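Produce the complete structure using the sequences and hints provided.
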Amino acid sequence: MSLAPFPALLPALPEIFLAIAAMILLMIGVYSRQEQSARIVSYASIVVLIITLILVGIITDGRTLTFGGAFVSDTFGLFIKTLVLIASSATILISRDYLIMHGINRFEFPVLIVLATLGMLMMVSANDLISLYLGLELQSLSLYVMAAFQRDSTRSAEAGLKYFVLGALASGLLLYGLTLVYGFSGTTNFDSLTKLFTSEHVDVPIGITIGIVFIVSGLAFKVSAVPFHMWTPDVYEGAPTPVTAFFAIAPKIAAMGLFIRIMTGPFGQLAGEWQQIIIFISIASMILGAFAAINQRNIKRLMAYSSIGHMGYALIGMAVAGQLGDTATRADGIYGMLIYLAIYLFMNLGTFTCILLMKRNSRMVENIEDLAGLSKTNPAMAAALTIFMFSMAGIPPLAGFVGKLYIFQSAIRAELFGLAIIGVLASVVGAFYYLRIVKVMYFDKPEEEFDQPVSLEMNGVIIVTGAVTLFLILFPGPLLMGAAAASAALFPG
Amino acid sequence: MIIQTLAFYLFSIITIVAAVMVISARNPVHSVLFLILAFFNSAGLFVLLGAEFLAMVMVVVYVGAVAVLFMFVVMMLDVNIAELRQGFLQYLPLGGIVGLVLLMELAVVAGGFVISPEVSERFAAPIPVPSDIANTEALGNIIYTKYVYFFQAAGIILLVAMIGAIVLTHRSREGTRKQRISNQVNRRPEDTIEIKKVSTGSGI
Amino acid sequence: MYVSAVFLPLIGSFIAGILVFIGANTEPEKKKNIDQMAQMVTVGAMLLSAVAATIAFIDVVVYGNTVVIKVWTWVESGSLKFSWELRGDTLSLIMLLMVTWVGSMIHIYSIGYMSHDNSIPRFMSYLSLFTFFMLMLVTSNNLIQLFFGWEGVGLASYLLIGFWYNRPSACAAAIKAFVVNRVGDFGFVLGIFATFLLFDTINFDAIFGLAEGKSNAVITVFGGEFHALTVICLLLFVGAMGKSAQLGLHTWLPDAMEGPTPVSALIHAATMVTAGVFMVARLSPLFEYSDTALTVVILVGASTAIFAATIACVQNDIKRVIAYSTCSQLGYMFFALGVSAYSAGMFHLITHAFFKALLFLGAGSVIHAMSDEQDMRKMGGLYKLIPVTYVLMWVGSLALAGIWPFSGFYSKDIVLEAAWGAHTGIGYYAFWMGIVAAFLTAFYSWRLLILTFHGESRADEITFAHVHESPKVMILPLVFLAIGALFVGILSFNFFVGDQAAEFWGNSILILSSHPALENAHHVPIWVKYLPLFVGVAGIALAYLMYMFAPELPGALANGFHRTHHFLVRKWYFDEIYDRLFVKPAFALGYGFWKSGDGALIDGVGPDGIAATTLNIARRAGALQSGYLYHYAFAMLLGIAGLTTWFLVTMS
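Residue numbers (our numbering), protein chains in the order written: chain P, 1 to 493; chain L, 1 to 204; chain X, 1 to 652.
Please note that the accuracy of each hint is not assured.
To be verified - Some but not every residue of chain L turned toward chain P, in silico, with C-beta under 8 Å:
(1) F11
(2) I16
(3) V17
(4) G112
(5) F113
(6) A153
(7) I157
(8) V167
(9) L168
None of these hints come from the bench; they were simulated from the model. Here the structure is a predicted model, which is why all the values come from computation and not from measurement. Heads up, the beta-carbon is just placed ideally off N, CA and C, and yes, glycines get one too.
Put into structure tokens, the structure is as follows:
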């Protein structure tokens, strides 16, 4: 038996670069002086992530496969990877103050983010059930560690443990689903699966269907969709705030990317089987996200429910993509979803940066009441937070409105009226708690001022995200074009 | 053939029973021991499949390293088993029903399993005939070529696990003595040895 | 010219309105200047407007250049097309001339009358705004623009009645006027809809052109078929009844006297209340084709004339007497319209505008002199102290009573003769009602004069010592109006209803040959011609008898016929009946809706209910989040088990 040929590495160059860079960063961290290491590695990590972003841009050229078809590089991946890399590098940028303040300013933190990001890129590029699982586990494992990063805090440790145990359970479900699919089809490769389901088997074996149910459940855990969302509020609250910020953004987007890829790719023709689940978890997430957030007093918990709700809205797009028939309509659903995710990135990044600025006398405060009268003590931050809240509530002309508009539009075009109506109603309820924050900031009696001054990086992040949120409606061109190209890549022809 | 079948069922049954015992044993030490039993029997199943290498790795790594590590941990932590079991009975009926329903459903699914004739054609990498090629060679042929991606990815996952373990548990305590090789190398007799003239019979 | 005549008051109103804000927070000396500026601007705008209107009048009426000026396009929606257009024909211009000149006089009068008020710019602004809307109304070329003006004057009327908004009675009166008018306006709006339904247009020329062809058309309402034009005319007439305070919808007018006296004179005597009369005259080409509608107009008009006159005889508030008198005189105008003597109705409208404005302003002068006392029982013996006002009131009363040669004589005569000349049962009814009302008119006019100016003073001493003649700025407009009351009738009789009428009116009024009442009016028996004058003199004589020579007689009569007296004092119980029939049930209904409908049902189920449910759900959702790991894991297992079961069930 001869040796199999060695696969081409070029399509995976960004991931390879990132993996090697992560190890080099680790070495730098270990061998540089203790007090300097965290700072050096942090900034180096940002540089590495940016170089990766550039590499992704350069490498991506149509659809290329490598590693025996286990890895795919395409325009869709480019879009999601761009969002993920932006989110990761911004998270490193905004986390430094917090880490220093809590005495956990260690170089492993950026390294773990880089490794998690690597996992996310692998997820997005997965074209095989095994690479899907490996990418997901790499990401998850990094996140488990990060959740417990503030190890001296029991809340952080508890968050890490909860996330780990439940994540393992979800991984188990996912893995079980993967084995079912493999067992009933005999292949793990996405392209083979696609071919299999489009051609011969009209009646799908029940094992495949149940396998899909398990896979959806496992992935729903990763995007924290109801009923697999239970970990989210506790982990968001317990984990260190920068970690929460990271959790809320990058892994969600990456998992959604993976979700989209597997659902529209190999299982694309089986949409009849899975559309109902997606509709169900979408509705459940929207409703729970809207209602459960109302009573929250801790802003991180509130953001947890908010992100559950947002994932529900994004899943509407997936449900649309599950409407068998017109390819253009299905692509439209993904198109809306991608726009939604991109906007979600900026809104959340800005909001979490504001939350990271909520410190008083060198202590973090996390309650909504602590924002009282912010408009008097810190009008600029209050204005920024107001923009983000209005945007999340989906009030025109802010970016969040654009996202919701495209999502609901696609649902209506696919004649999923119930979904669109529930979505609109849920966003009305959801607006309640977003606007409550605005009310607290503008109409309540001022609390003590937050600590000043604010670091340059955080100011920059707020200004950039705020500007994107505010002015996206004026210059939506690049985002719309990118999303259109990305969604078209999934539905060739 | 009949012996193989008998062996398969023996190993399988013991594996499943041992697995059940792992989670139901009252004493955590017993749990770990049942885990080791399950591992051994899995290794036996691998042997039946002709995968001796995996069987050996199973025994060496899981039984020899992982399970023993578990054992140490369990014994050191002295887990209060009664506390962990609190509420177990309270939730047993409901949990049991749900579990049972799920189990039956999965059995239905498994019942529908058929090996379709085309499946073997789709196998990405057919299992080589054991007599043609040795286990290790077969693995070696593909693991760094066809499956290099998976292999490396798994490696990185292990790296993360290692980093995680260090991050979460490693503490530099005051007063711990560390070996600094450069210090050792750079150490010169003048720094440490003081030569004193001692006049005989007077003591220091 | 025409455009500037209409829009100058609006500009004046705007500037005065801005001055309200400028003057709001300035010190008294500066405020004085601002007040003066507001007065100058609005009065100046009004006078210019009046001059422009005169020039336009000469151009259109004397030289016969009927015009339609398009200002701009308003609506073009399907077949519904109409523009802002100023219609310039005789009917419009008579009204334009009257409104601008009487309006100017009242603006000038207001300078004096309102001199002690705090909100002069606001008052002047409202007054000018009213004038603009009124001009818009009379110059409209389609029903919507007419309705715009109609609602505009309603708004201005509301603002001006409630001008002293810190008096609860003024606010209540303003609301009453607005609400009662709403009833009429509802009919009006329905009428416009029906017109559009029938004609597919709402422009006057188009409607008038089509009216004859549609004279037999039917319209289906609630399953029954009705004569279309009758339905339209009756609906529109309901609107006219509201605005012109005709029997049934008259209750707001007496209460509207809560407003400042110039307002009463301008809006509630001379102009706005005549809008209904104008509207019917304007729509004569429609009303002519519906005898039923015309009969209703006569019936309502004649009944109002007698009804209001009876009440006027027993009122003690000087302004209320004149208000009921106005109501009664409007009744005359309507029955004149009803017998197709549109020009006679318009004639009475114009003469009435002068002498009624004169009477109101005179009454205002008296009130001014009496330090805002309006009750006639507390007056008396004023004629020596305010002789000019006394003389002017005499002139107004003589005109009102229809004594030769005052203008009221000419117009009232022709109205009554036309009613006789209709030679129909309803026409005779109108005639006799009119004669009785004329008698009562003379009676209550002199009752007013005698109670106010003659006899012993019944005022307290401080007030009496304070009585003074009004300043020139108030007297001058009165003189102008008195001249109008004296000469308008004699001068314009020929043009309105005499030999030159046909030429004068041009095409602005249509009278079918089957309705020859006006023609017959010139050939009535001699006793018909002189009966009005005779009853007028008789009424005056009776008043002198009862209040001058035998002052104990009224009291004795009131006691003798106390039921009748009470019936009249309580104004035929209209307010009480409406209160019982509509206001109380409406309040009860509103209260019920508020408490049970809005409070319990809509708020309970709607906002409050949703909010409560939301919070409830939120609490429950929060309770699910127990924090126990095994709960979470169990929830996940439940989820996966549920989904699997769902799929297995639906698949098989």
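Hint check results:
Taken as an interface hint, F11 (chain L) does not check out: its beta carbon lies about 19 Å from the nearest beta carbon of chain P, beyond 8 Å. Because the beta carbon of I16 (chain L) sits about 16 Å from the nearest beta carbon in chain P, more than 8 Å, this interface hint is broken. Evaluation of the V17 (chain L) hint against chain P yields a violated restraint, the C-beta minimum of about 20 Å exceeding 8 Å. Taking 8 Å as the C-beta contact cut-off toward chain P, the hint placing G112 (chain L) at the interface holds, the least distance being around 5 Å.
A distance limit of 8 Å between C-beta atoms decides the matter here; for F113 (chain L) the minimum to chain P is near 6 Å, and the interface restraint holds. Taken as an interface hint, A153 (chain L) checks out: its beta carbon lies about 4 Å from the nearest beta carbon of chain P, inside 8 Å. At about 5 Å, the closest approach between the beta carbon of I157 (chain L) and any beta carbon in chain P falls short of 8 Å, and the interface hint on this residue holds. Residue-level restraint check for V167 (chain L) holds (minimum Cβ-Cβ distance to chain P is 5 Å; threshold 8 Å).
Hint on L168 (chain L) holds. Least Cβ distance to chain P is approximately 5 Å, under the 8 Å limit.
Violation of the numbered hints given earlier is confined to hints 1, 2, 3; the remaining hints are satisfied by the structure.
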